[in-house]
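**Student:** Last residue of the sequence shown: 197 (the working numbering), numbering continuous.
Because the hints were derived from the structure by calculation, they are not lab data.
A virtual CB, placed ideally from N, CA and C, is assigned to each residue, including glycine.
There may be inaccurate statements among the hints.
Stated by the list, open to error - DSBU-like, lysine-lysine: derived pairs with alpha carbons at most 35 angstroms apart: (1) 184 x 115; (2) 166 x 72; (3) 72 x 16; (4) 184 x 111; (5) 115 x 166; (6) 71 x 184; (7) 36 x 111; (8) 36 x 16; (9) 104 x 115; (10) 36 x 184; (11) 16 x 184.
Said to hold, decoys possible - Cβ pair distances, simulated, as ranges: (12) 10 x 171: 47 to 57 angstroms; (13) 171 x 96: 46 to 56 angstroms; (14) 27 x 182: 53 to 63 angstroms; (15) 175 x 12: 40 to 50 angstroms; (16) 184 x 137: 39 to 49 angstroms.
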Amino acid sequence: MFRAEVDKYFNLLLTVMQENSFLANPRKVHNLDECGLQMNKEHEKVIVERKNHVMATTSRKRKKPEFEDGMLPSSHVEMNKTSPYIISDMFMSFLKNHVIPRKEPGKVLPIFDGQASHCSDVVVLDLAAENDVIIFCLPRNITQYLLSLGRSFLKPLKTYWLLFLSSIIYNKPNRKVLRDQVGSLLNAT
């Protein structure tokens, strides 16, 4: 980790929190991150908000209703034709469907990794500003050290996900795990 970069990050975060009274209202600060979950050698991306509302993305052209079977209420699946990674349109959907409808009145501070789809699209930034959402992005390449959600939730989630899939594959070796099952499998994990 680069000490100067980390110090700069924490100084900027403290300034943003002081200017917007977040130190007195820490419940308005949200730690958001995504992780890849491997399924049959294909990657899925999941964004998990503090209250466990899930948005899963996958690389498919058409969305099937079965993709959301077994998922928690208010969770949904987004399609990306080319890859399972988050792009600006998906991030916009995440803001519209997860962050903005569930936020308390007044400003909120979601903290994201420094991925370009989170912090470079002007339309996304305008939508956030219009709805009192201050998007705070972490410096690239050091998010695993600064975003506690990765260590406290996402790492165990990946571990349990792989154990759960391994047990399914071990118990039913001739059966392939399908994307239609992701919601119920994720919920069971």
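**Student:** Honestly, which of those hints from before does the structure not fit?
**Tutor:** 1, 3, 4, 10, 11, 12 and 13
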